[in-house]
Amino acid sequence: MKKRNLWIVLSIILSLNCTNSIGSDTTENTEQDVAQEVKDGQEPQEELIKVTYKESQQIITNPERGFYAYADFKSNENTTLSENKLREYRSQGISLVYNVYYMYDFQNKPISEAYLQRIRTNMQTLRNGGCKAILRFAYSSDEGKKPWDAPWAITQKHIEQLRPIFQEYADVICVLQAGFIGVWGEWYYTDNYIFEPNKEQYQPRRKLLDALLDALPKERMVCVRYPQAKLYSYNIEPNQTITEQTAYNQEPLSRIGYHNDCFLADKDDTGTFQNIPQYRTYWEKESKFLPMGGETCRLSSFSACTNALSDMEKYHWSYINKDYQTDVIRQWENNNCLDQIKRRLGYRFVLTEGTFSKNAVSGMPFFVEMKLKNIGWAAPFNPRKVEIVLVGNQGSYKVAIKKDPRFWFAGQDIVIKVRFKLPESLKEGTYDVYLNLPDPKESLYSRPEFSIQLANEGIWNASLGYNKLHTIRVTTSKQ
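So the sequence shown is residues -23 to -1, 1 to 456, counted in mature numbering (1 follows the signal peptide of the UniProt record, and there is no 0).
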């Protein structure tokens, strides 16, 4: 009896709080309502319906994860991205494109307006084509040709020139790799920074990291090539890792992730870890809250499926190069682990069970419980919204859920229990109940290509970018 009384009181509260509703026929509440979380033991004392869902083995083209395609743009050429090519990539299950800009002609002068416009054009093409970029900038792509990079004073000015682009097109930036220093922007062979620096000699490199973090919007991250790049730059020890409490707080340490560009090449990934076990432990713990990706660089006794699957899980890999190194990719295909890698890179959310109010009455509270599991190797690392959407011939209604998918970690069971008041103006009729996980950026929010598809059979609405949970009949009075 006490629980029922509590439910009545909460219904009144919801009636006071949830006043926004749809218009007469169409659609979206302008000031979005927010569902109230239901704690364990506070479930409504009413008749509920349970729904189960079937897991899909489909390889899903989801944003900010998976295999990526490679594209470079040299300052002495005029190539740009093609929207048709991006759509071809998407048809192959690819939503990420690695864009590296080789600024050969600007090692001692400002970036030309023509080259800046090429970058803008590429970013707009990514937006139009439904893809995002892994960005890197460098001054050299050949260790046999000097100079390998530019003086800091030049690079600093270049970052300021790039700042407006980073800000305008942050929506289609997945991550920015630190770059700029050394051949390929890999922070190794260098003319203008100390080669193989100790901790004290890393401070010039920190200037670059600080400048990039400042030029990017706060919700975007920079990735470095080696563990010591972050440890030495910020004078921290391997046991001083990001935690669930400090993750995504927009401070510098919570915005610096990693890329490994010689993954599984040997027992130390060609110097990535400097044969220091603590560096591996550091990456293992930090990558739970930060982006991790990269590429393989050669076949080795370490590159077989067993190690690949183990290390991708351990270090929470989200993305990897499809084009390099092809012998390694072929090895994975021949040994039957390539499809598993395609499925599990980054996040992969599976809906297992849903519970819903049996009676859906306009003006009354409606209860939803969802149980999901992340069977991927990582969580999303960029912000994302969570919404429930009701769609029917009579109109639609949308309600926000205060959950952050960046904390839906690999291997974790996720339970969402909420209630919200159906608007008084919601017309009687049949409505599909959807889970929507859209990109929060206004430019991408309504784009299905940038919403997350769950790994379940028969629930994805590709035209809307929503995941169907249930179908309800809304009435205007209890029946």
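Rather than coming from a laboratory, the hints here were simulated on the basis of the structure. Among the hints, erroneous ones may be present.
Pairwise CB distance ranges, derived in the manner of DEER restraints [as the list claims (entries may be wrong)]: (1) Gln222 <-> Tyr47: 15 to 23 Å; (2) Thr98 <-> Glu310: 19 to 27 Å; (3) Thr247 <-> Asn370: 23 to 31 Å; (4) Gln144 <-> Gly406: 39 to 47 Å; (5) Thr258 <-> Ser420: 33 to 41 Å; (6) Gln222 <-> Thr247: 32 to 40 Å; (7) Glu32 <-> Asn312: 44 to 52 Å; (8) Thr98 <-> Thr452: 30 to 38 Å; (9) Arg183 <-> Pro417: 40 to 48 Å; (10) Asn313 <-> Asp49: 57 to 65 Å; (11) Ser440 <-> Glu330: 42 to 50 Å; (12) Glu32 <-> Tyr301: 46 to 54 Å.
Built from N, CA and C at the ideal position, the CB exists for glycine as well.
Now for the hints, and whether the structure bears them out:
Taking 15 to 23 Å as the suggested C-beta distance range, the pair Gln222 and Tyr47 does not conform, at roughly 37 Å. Here the CB-CB span from Thr98 to Glu310 is close to 34 Å, at odds with the stated 19 to 27 Å. The hint said 23 to 31 Å for the Cβ distance between Thr247 and Asn370, and at roughly 59 Å that hint is violated. With their beta carbons about 44 Å apart, Gln144 and Gly406 fall inside the hinted range of 39 to 47 Å.
Restraint check, Thr258 to Ser420: a C-beta distance of roughly 39 Å satisfies the suggested window 33 to 41 Å. Distance hint for Gln222 and Thr247: a CB-CB separation of about 34 Å, consistent with the stated range 32 to 40 Å. Hint check: Glu32 to Asn312, Cβ distance near 24 Å, so the stated range 44 to 52 Å is violated. Separation of Thr98 from Thr452 is about 53 Å and departs from the stated range, judged on CB atoms against 30 to 38 Å.
For the pair Arg183 and Pro417, the supplied restraint of 40 to 48 Å is violated, since their beta-carbon distance comes to about 30 Å. A hinted range of 57 to 65 Å for the beta carbons of Asn313 and Asp49 is inconsistent with their spacing of about 32 Å. About 26 Å separates the C-beta atoms of Ser440 and Glu330, a value inconsistent with the hinted range of 42 to 50 Å. Range check, Glu32 to Tyr301: about 32 Å between beta-carbon atoms, so the 46 to 54 Å window is missed.
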